[in-house]
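Q: Here is what each chain is made of, one letter per residue.
There are 2 protein chains.
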Amino acid sequence: MSDFSYPHFRFDLLKKDPHSQARRGRLSTPHGIVETPAFIFCGTKASVKGIYPSQLKAAGTQFCLANTYHLMLQPGADLIEQAGGLHAFMGWDGPLLTDSGGFQVFSLGYGSVADEIKGKRNRISSVQKITEEGVIFKSYLDGSLKMMTPEVSIEMQQKIGADFIVAFDECTPYHSSRTYTECSLERSHRWETRSFEAFDRHNNGKQAFYGIIQGGVYADLRERSAEYVNSMPFFGHAIGGTLGASKEEMYYVVDLARRHLTSIRPIHLLGIGGISDIFEGVALGIDTFDCVHPTRIARHGGALVPFALRDHSVREHISLKRASYAQDFTPIDPTCPCETCQKFSRAYVHYLLKTREILAITALTLHNVFFMNRLMQSIREALDTGTFQELRKKWAL
Amino acid sequence: MSDFSYPHFRFDLLKKDPHSQARRGRLSTPHGIVETPAFIFCGTKASVKGIYPSQLKAAGTQFCLANTYHLMLQPGADLIEQAGGLHAFMGWDGPLLTDSGGFQVFSLGYGSVADEIKGKRNRISSVQKITEEGVIFKSYLDGSLKMMTPEVSIEMQQKIGADFIVAFDECTPYHSSRTYTECSLERSHRWETRSFEAFDRHNNGKQAFYGIIQGGVYADLRERSAEYVNSMPFFGHAIGGTLGASKEEMYYVVDLARRHLTSIRPIHLLGIGGISDIFEGVALGIDTFDCVHPTRIARHGGALVPFALRDHSVREHISLKRASYAQDFTPIDPTCPCETCQKFSRAYVHYLLKTREILAITALTLHNVFFMNRLMQSIREALDTGTFQELRKKWAL
Numbered sequence: 070m071s072d073f074s075y076p077h078f079r080f081d082l083l084k085k086d087p088h089s090q091a092r093r094g095r096l097s098t099p100h101g102i103v104e105t106p107a108f109i110f111c112g113t114k115a116s117v118k119g120i121y122p123s124q125l126k127a128a129g130t131q132f133c134l135a136n137t138y139h140l141m142l143q144p145g146a147d148l149i150e151q152a153g154g155l156h157a158f159m160g161w162d163g164p165l166l167t168d169s170g171g172f173q174v175f176s177l178g179y180g181s182v183a184d185e186i187k188g189k190r191n192r193i194s195s196v197q198k199i200t201e202e203g204v205i206f207k208s209y210l211d212g213s214l215k216m217m218t219p220e221v222s223i224e225m226q227q228k229i230g231a232d233f234i235v236a237f238d239e240c241t242p243y244h245s246s247r248t249y250t251e252c253s254l255e256r257s258h259r260w261e262t263r264s265f266e267a268f269d270r271h272n273n274g275k276q277a278f279y280g281i282i283q284g285g286v287y288a289d290l291r292e293r294s295a296e297y298v299n300s301m302p303f304f305g306h307a308i309g310g311t312l313g314a315s316k317e318e319m320y321y322v323v324d325l326a327r328r329h330l331t332s333i334r335p336i337h338l339l340g341i342g343g344i345s346d347i348f349e350g351v352a353l354g355i356d357t358f359d360c361v362h363p364t365r366i367a368r369h370g371g372a373l374v375p376f377a378l379r380d381h382s383v384r385e386h387i388s389l390k391r392a393s394y395a396q397d398f399t400p401i402d403p404t405c406p407c408e409t410c411q412k413f414s415r416a417y418v419h420y421l422l423k424t425r426e427i428l429a430i431t432a433l434t435l436h437n438v439f440f441m442n443r444l445m446q447s448i449r450e451a452l453d454t455g456t457f458q459e460l461r462k463k464w465a466l
Numbered sequence: 070m071s072d073f074s075y076p077h078f079r080f081d082l083l084k085k086d087p088h089s090q091a092r093r094g095r096l097s098t099p100h101g102i103v104e105t106p107a108f109i110f111c112g113t114k115a116s117v118k119g120i121y122p123s124q125l126k127a128a129g130t131q132f133c134l135a136n137t138y139h140l141m142l143q144p145g146a147d148l149i150e151q152a153g154g155l156h157a158f159m160g161w162d163g164p165l166l167t168d169s170g171g172f173q174v175f176s177l178g179y180g181s182v183a184d185e186i187k188g189k190r191n192r193i194s195s196v197q198k199i200t201e202e203g204v205i206f207k208s209y210l211d212g213s214l215k216m217m218t219p220e221v222s223i224e225m226q227q228k229i230g231a232d233f234i235v236a237f238d239e240c241t242p243y244h245s246s247r248t249y250t251e252c253s254l255e256r257s258h259r260w261e262t263r264s265f266e267a268f269d270r271h272n273n274g275k276q277a278f279y280g281i282i283q284g285g286v287y288a289d290l291r292e293r294s295a296e297y298v299n300s301m302p303f304f305g306h307a308i309g310g311t312l313g314a315s316k317e318e319m320y321y322v323v324d325l326a327r328r329h330l331t332s333i334r335p336i337h338l339l340g341i342g343g344i345s346d347i348f349e350g351v352a353l354g355i356d357t358f359d360c361v362h363p364t365r366i367a368r369h370g371g372a373l374v375p376f377a378l379r380d381h382s383v384r385e386h387i388s389l390k391r392a393s394y395a396q397d398f399t400p401i402d403p404t405c406p407c408e409t410c411q412k413f414s415r416a417y418v419h420y421l422l423k424t425r426e427i428l429a430i431t432a433l434t435l436h437n438v439f440f441m442n443r444l445m446q447s448i449r450e451a452l453d454t455g456t457f458q459e460l461r462k463k464w465a466l
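Residue numbers (our numbering), protein chains in the order written: chain F, 70 to 466; chain H, 70 to 466.
Just so you know, the hints here were simulated from the structure itself, not pulled from any lab data.
Warning: the hint list may mix true and false statements.
Because identical chains cannot be distinguished in the list, a pair is counted as satisfied if it fits within a single copy or across any two copies.
To be verified - Below 27 Å or equal to it, Euclidean Cα-Cα: the simulated DSSO-like pairs (lysine-lysine) are:
no. : residue 1 : residue 2
1   : Lys118    : Lys412
2   : Lys228    : Lys390
3   : Lys462    : Lys198
4   : Lys215    : Lys423
5   : Lys118    : Lys390
6   : Lys275    : Lys412
7   : Lys126    : Lys412
8   : Lys423    : Lys228
9   : Lys118    : Lys423
10  : Lys463    : Lys198
11  : Lys316    : Lys228
12  : Lys412    : Lys228
13  : Lys207    : Lys423
14  : Lys412    : Lys423
As the structure is a prediction and not an experimental result, all values here were calculated from the model.
Can you build the whole structure from these sequences, using the hints too?
A: Have a look at this one:
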């Protein structure tokens, strides 16, 4: 397998920051170019909630993802294949990634999506049994028992047809012991090898494969996992598993994980999307990020704003639900070119939220998409011009 | 008052259909031109649900309305005035109309908006008492008692600042007796005169005033009401009150009401927006229509389609919730230029509805807005080219 190649994909490293591991790169895919560092927006159920593909594109979006777990349960991978694949199904013709489904199998219990929407945190794990073969879990839709294996995950992802697909692994929680993490790691490597073999059997050349590095918070396990993924003909690597319990620990673990990974492949950091986390991640050598954060906070009234416009020093967004915005006739961010900032005042968005108008969600989601894309654009420009450290300081990091 | 004029407004009659009362006209306002016959989209709470102003405009929308009743309770007319008026507040720079608030006072009971959303019909009227002075009603928001008078309605509408505002009247239900309808009619005329006087006291020249013709289903009362509104210096007339219990009765009552109205003023038909009703209304001499129908059915999965694409002969839309669309990979309407029809299949919209994705609402609302604007455009072109009767037949009317 060592001579495996991805003829329709490339990752080019364009520039390195002399003061950190930060790097400026370019991902080439059959659905276009992604300039990195880049943010991947979550279209969990084949839709970035409330936003048309044309609006995403006009906001500067390069890259989206959808979740295999949700799509395999509804509408089913077969239906998406019949529709001509995920790009055609959701009307987004840019690069797409699907995850393996593993994270949701391990983290979403039956009924917990509804709980999550209600802000409840008391999740019941959906996992019924983990064996060498795979995982038996309960569907979040109807509680029925399903089996997820590396082969199932890859079959689903091949039918769904995103540009980038991801190996199936076990996602260990923070409290896992070293012994459990090590056993899980070894099994995940076996699952990843089976994932790749399944991918290779039906590879049509239009998808590139990401391996996941696990190992929890343990340095030697992260190193062992890096050796494993480096040795496999993956196109890129994603940093998975627990990243620790605090920001400091997360940066430490990301550094541990990234340190031993080959530098010629793109590195994705799963599920991270805070502004300071992105700056730290870029500085640690991360090329792509994804997170529901920018679009999820939008649905709860949160607008991402430049540092100078924050209302709390600890929060990276302002909450338009606050009564203090009821008579604030200024835009959310006067420098933002999105329609929300160009046409609506904070008072109007506050009012839309209070009256539960659907437009509130669209307006804040689109603003936050613009914000993230402009942020990543500024990071790329700073790396191009050798001013990344100055940009970090502007964001008070 | 007979020499009252509206220097910033005009209504020009461009052409008449030789076979009906249908007419092609043009409304000129400080916020642009409205080619008539036209459809006015309902932005009840200062937002056409789920749609940006730019999307409305790109869909060919000429004219929107908002409801004084909702806006006076939340966010309040003062706040909209502070925001620079409704156009600035909601980011829509085209022509706007507000109603008097009377219809909601008389039809929406406390709690009934929620009931309405749930499809329940057991409304409790909000009206506590009707006196010569006005109406005491319960707020749908919190049940508190409020007084609505002609002077309050006009003060609110002047603060809100739409291009067109409407006289306050009593909206009588279908079951009203002739005696009650006559008493109510006379009081409504007194209220409309007080409305106009209130308007005239603070008129800034940027608003044009519509009088409402009442009279229920009674020919002589409709005639008496027409004589009254013709005698007042209104800019235009709106046909209000009950229009009967069947389509046939509605067309009869609209004809009764319109017959005696001066032909030089624009005539608006309140709350009517079905396709066949619009063709009949145009044929009876109506210039503008408004209705929540196209945008409301969208939120419940309904897509307006050309006659040939209907799935039931009696319904003017198809319901994308139906299981038969789950694997229909064709667009809703291949002739429609909206993004929904250009990028999404019926199967995808069906799936979005089933998973309760917000984009389902936006996608169907925008399609229906395009549909209505294209329908009205085709009616205007048919009137321009003398082919209105042929167009009616194409829609099997």
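Q: Looking at the structure, which of the earlier hints fail to hold?
A: The structure conflicts with hints 3, 10, 11, although it agrees with all the remaining ones.
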